[in-house]
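Student: For reference, the chains in residue letters:
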Amino acid sequence: MNGGTEKKSIPYTVPIGPVHPALKEPVMFTFQMEGEVVRSVDFAPGNTHRGIEWMGMRRNPVQIVHLTDRICGICGIVHSLSFARAVEQIAEIEVPPRADYIRTIMHEFERIQSHLLWAGVAAHELGFDSLFYLAWRVREQSMDLIENITGNRVNYAIVQIGGVRRDISDDQRPLIERGLAYYRGLLDQMKNVFLNDSTIRMRCRDHGLLSYRDAQLLCAIGPTARASGVSMDVRHDYPYCAYGDLDVRPVLPPAEFGGPKGDVYDRIIVRLLEIAQSIDIIRQCLDNLPAGEILWEKKLPKLLLTLKKVQGEAIGRVEAPRGECMHYVRMDGNDAPATWKVKASSYSNLMSWIPMLKGEQLADVPIIVASIDPCMSCTDRVSVIRNGGSPDYLTKEELTRLSHEKTRRLIQCR
Amino acid sequence: MNETPHLSPREIIDLYKTEFGAGILDARITERGEGTKKTKSHDIWLRVERALLRPAIKKLIEIRFPHFAVIAGNDLGEEIELLYIFSVFYGTKFGEYMVTIGVKLPKTDLTVPTITDLIPGALLSEREKQEFFGITVTDIPDGRRLFLPDDFPQGVYPWRKDDTGIKPEMVRELWTIGRPKDRPVPPVPEKKPVPEEPVVKGEEKTSGGAAE
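Going line by line, the protein sequences match chains Y and F. Its first residue numbered 0, the first sequence is counted upward by one per residue in numbering that gives the first Met the number 0. Its first residue numbered 0, the second sequence is counted upward by one per residue in numbering that gives the first Met the number 0.
Chain Y with its partners taken away, still in its complex shape (with noise of 0.2 Å):
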């Protein structure tokens, strides 16, 4: 950084980032290495900020809802839902129970995809690749039904103040039942896969160690504190949605598997048990279905019109895939909310990241940070800067290729 006249010295400080094509924020990292080992780890989020809450502070709870669709790619339910369920508090709206039980199912679905999609890209930083094909290909089922359901891969736009905007016609039913069956016979097989290779249990077992105490002082939530042992899941503690007719168990790492260690294995572990009760939710859901309305109130102006007259406060709150998502909502009698805050799950769970990194090689970066499920691949590009020397950049496929080498170094000494 001093144009080469220092000495380069211990420790290196290795930069990462800033950008991560699908988290809501970018993640800069900086470490300080010593030789392979990381010493000490510092982020900088905020590359993307996009400023979604000084504009939603500018529109109409309605236009908000489809705004919140927007604020993350994967989480395409969880941020709509939690808006809408702060503005339904607040105006005294009675959602149809038959909502709430879609609302169930696309929130159940979504979790399916985003856990497949981040096995495929846990699979895919520890260079098995074929196995990140796979979980992707499978990923791809529920993502038509989601299609199916909502008209759209991405950004549903199904959440609706009051309601849901589609409904679940008995024409969907059958496939839907066909896409669950296809889950529940390929998850045995992807556990088989997953749990029994030795190879992800080398990398993956006593990397990136988060104790249960870590857990609770650094605030993290969903699968990563589950691995931890925290028993803390919003469906099973604080009811919403359909979860309140539900029998929804936290899922934590079970002892067969040597009990939770909160490492990433754990992590994996988790996830793969929560597709199978993701599963079981939806099949619940479909089967209690209610008959009746979808929507509070079908006429937009109408609906404008009792929310421009409503004040008061409160909390939206889900369990995203990620982990708890929540939204607080201030009205005051105008269009826009005077406050809106969102808090997603990477939120929380970022400051995780620091005791998790802390003493593990650069090989190990890539899968560590993408075990808290940062939404998709950990590191986009890298720039190693020697103390006193010029900017090295290392790029994602040089990380991941380190990544890769280390694998295949392990199986080697087997």
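Possibly wrong hints are sitting among the right ones.
Unchecked claim - Below, in silico cross-link-like pairs of lysine-lysine (DSS-like), each with a Cα-Cα straight-line distance of 30 Å or less:
1) Y:Lys297 with F:Lys36
2) F:Lys37 with Y:Lys297
3) F:Lys103 with F:Lys16
4) F:Lys36 with Y:Lys301
These are computed hints drawn from the structure, not numbers from a lab.
Mind docking chain F on chain Y? Use the hints.
Tutor: Frame of chain Y, contents of chain F only:
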């Protein structure tokens, strides 16, 4: 951690009232039931005196270590209200409550003590409040900007509704800028802008667009 047994929302509020008395300015519970069984979820809203922020959070930790979600903020004109949003009793079947602890800060003195010594995970949220509301968090272990870029002007706080908020000249409407000129031609020709557009008011009914 000394853990108290599971309490009802009312009992939590009673605990706070006996401990802090008149320091609790407002306390209420909201409920919400959804689905067919309408199982209730509970939110607890506490407004406390400014000096009681940390004691109130310590009290919550004493009851059960909470999950810290986020700090939300309201610009109320003369004051900024910070809302520390927690949830307690996670892991209990339908027994988790959101607990929101709110404090008001006058705009003449926007300082608040850090809570990162109690809950380290609150750091990101505190950094965010510093840059978006212009609040000073005293003793914050890391006071850098979080989301805003380094070249963002100093003294502009996006979530404020007074003159320190985003200035109109900072806002660029996409429709006034148009398509970048150095890109390939789009496959479908762009529509010509309708000249009558600025005349349309909210009250006037114009045909088109609302065909469904």
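Student: Does each hint fit the structure? Answer for all of them.
Tutor: Hints, verified against the model:
With a CA separation close to 24 Å, the supplied pair Lys297 (chain Y) and Lys36 (chain F) stays within the 30 Å bound. At most 30 Å may separate the alpha-carbon atoms for a hinted pair to count; Lys37 (chain F) and Lys297 (chain Y) meet this at roughly 23 Å. A distance of roughly 19 Å separates the Cα atoms of Lys103 (chain F) and Lys16 (chain F); the hinted pair therefore holds under the 30 Å criterion. A hinted pair counts as satisfied when its Cα atoms are at most 30 Å apart, and Lys36 (chain F) with Lys301 (chain Y) qualifies at roughly 28 Å.
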